[in-house]
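Given the coordinates of chain A, assemble chain B onto it according to the supplied hints.
Chains as they are written, first to last, in this note's numbering: chain A, 1 to 325; chain B, 1 to 266.
Careful: at least some of the hints might be erroneous.
What the hints assert, rightly or not - Coverage of chain B stretches by chain A, computed from C-beta distances (three or more under 8 Å per stretch; other residues unrestricted):
1) 61-73
2) 151-157
Unchecked claim - Under 10 Å between C-beta atoms, here's a sample of chain A residues computed to sit facing chain B:
3) V41
4) F73
5) V74
6) R219
7) L306
8) G310
Hints were generated in silico from the structure; no laboratory data involved.
Keep in mind it's a predicted model, so treat the numbers as computed, not measured.
We put the beta carbon where it would ideally sit given N, CA and C, even for glycine.
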Amino acid sequence: MSAPDADLARTFEGRPGRVGLSLQGVLRGLMMALVCLICVVPFGLILAVSLGHKVEGAAWVWGFEFSNYTRFFVGALWPEQWSDLYLQKLEYSLYYAVIAAVLAVLTAFPFTWFLTRLPRAAQARWLIFLLSTLSLSEVFVVMGWDILLSNKSGLPMVLRELGITDWAKGNGIFDWARANGLANPRDFKFKTSVFATVLTMAYLVWPYAVILLYPPLSRLDHSMVEAARTMGARPMQVMRTVILPTVRLPLIGATLLLFVLLLGVYVAVSVFADPAQQTIAISIYDEVRGATLNAPFGAAQSVILLLTAGAFLLLGQLILNRRAP
Amino acid sequence: MRLHWAARLFMALAAIGVAMPIVVVMASALNGGRTMTFPPQDPTLDRFVEFFVSQPVWRAALWNSVVVALSSAALAVLLAWPIAYWVWRENDRASKTLAAMAALPFALPPIVFGVGLGFMWQVTGGLGTYWALILSHTALFLALPLVTISIGLQSVDRAHLDAAATMGATPAVTLRTIILPQVMPYTASGFFFAMVLSFNEFIVTFFVTSSSFSTVTLQIFNSLRNGFTPTMAVAAVTFIFVSAIGFSIVARFSDLPRLMGADQTK
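Here chain A stands alone, though its shape is the one from the complex (with noise of 0.2 Å):
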């Protein structure tokens, strides 16, 4: 800012009246009507679309009416008909973030409580290679995964040639892969399969768990857990005793969270899981720009999966607020 500038500036600042109140009155409104168009209308117009119903060919015209929301619930023949073919898409989307959710935060939960023992530097060092990771673009990872869990060069080419496959094949290990989509007759196979899924998803949001769990745990009273260990605890007690009981609603919070977030993958889901397997958001994909294309029952598709996550998103709200005074 120049000289002149902040003289201007102080005149308005000397006279509260109404050219100094005004001015920063306009400003003001104008950042509301903006942050409002780009961030909040969006989310109204999936609404609304939702609301229309699908023409002849990929398009579609507004309405008003709720057929796209009873065929996601009982299905477009219904009464004649019930289907819960969406349902279990929804049903699919929760059991994934939540197994998911849950991994990431039981394994970075001891890793970020190391973390912060370390010296500053170091974990300036640390933070930065997990934003590297947290960063990459889903389609990477997915990517990786593929590679690492590929028939030809991943994780089953290292199991044969460990020799593991043939001793899994003789104590009924390999059976029971097989029961459960983890092998084909000859070799172990993760894709397509709920576990390569659940995998890739918690790898995901695993960087995400550690930052969300840092400032509670960087912030824990370490005289609290001194005292605990001279008066004789062991180290395990510390942990039920003190530092759990301080940090549940942070790893409650955190996990919900996490939950929301790996509601709307779709790269890794797309890839991962089988046809039969997948989830709300590569039906909405589909609905809008993909094969089915009927962009009013993806919007429906959608308000039901903004409903979930917000109501899910609230309940963490809660539980993080309530700790705060």
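Relative to the frame of chain A, chain B by itself:
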């Protein structure tokens, strides 16, 4: 304080787990043939030449990604600053509502936001334009500079502000001479966060560009249908480097542990 050996082992294992898919992708970029195998067969740097020089599709995509990432991050910072400042100065209901609205897109599933943006640009006629994508990413990542700048504003030394007020500085002068310099590192961090995430974004980009132009992530997703190729792995390597450099700059500019919410006494 030294960690127990088991703790260090656990951290090392976690690091290997996190690095494994990245290492595999990076190594695959060296493949001489057309297929992705690990370990790479007859290693070569030809794929790097293809990506950066000889294949215009990838070069154009890379250029689009860079332009969108830089402009959307800059816009996000420019928009986040007044919001954060307003919340910090007055903390009234209007400013809090504004901040909550600005954080909304980042908190909800991106596929839903992408679908909504797709409808919005379709209705306004902006679907498939550069500006639509830049504004979309601005909205999606606005929350990041908003958070870092807010943390920065909270860390401004109150004593400095009181001293300035006592000496008769107007709010505008205080803003320029005290607040801006102290919050600059946090502003830069917010910029890099938004930039790196925009660079890596896929699903919103997909719905907003409507196939009229492509970014690197989109290009990769399109080639995905023909199976992964080593040239795509080069793109991944580029991304990882851009991210690592971005966050190293953040760490250099500001106290990264504090930015991530570590306690301040240490």
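Review point. When the nearest CB of chain B is found for V41(A), is that gap smaller than 10 Å?
Key: 6 Å, holds
Practice item. With a cut-off of 10 Å on the beta carbons, see whether G310(A) makes it to chain B. Key: 7 Å, holds
Review point. Would you say the region 151-157 of chain B counts as covered by chain A, given the rule of at least 3 residues with C-beta under 8 Å?
Key: Answer violated; 0 residues pass the 8 Å Cβ test.
Practice item. Please verify that hint: R219(A), Cβ, nearest Cβ of chain B, below 10 Å or not. Key: 4 Å, holds
Review point. The region 61-73 of chain B covered by chain A? Criterion: 3 or more residues, Cβ-Cβ distance below 8 Å.
Key: violated (count 0)
Review point. Taking the closest Cβ pair, is L306(A) under 10 Å from chain B?
Key: Interface hint status for L306(A): holds (5 Å vs cutoff 10 Å).
Exercise for review: Could you check if V74(A) really has its C-beta closer than 10 Å to a C-beta on chain B?
Suggested key: Status violated, d = 23 Å.
Exercise for review: Would you check whether F73(A) satisfies its interface hint, that is, whether its CB is within less than 10 Å of any CB in chain B?
Suggested key: Given a least distance of 19 Å, the restraint on F73(A) is violated.
Violated hints, listed in ascending order, are 1, 2, 4, 5; each of the other numbered hints is respected by the structure.
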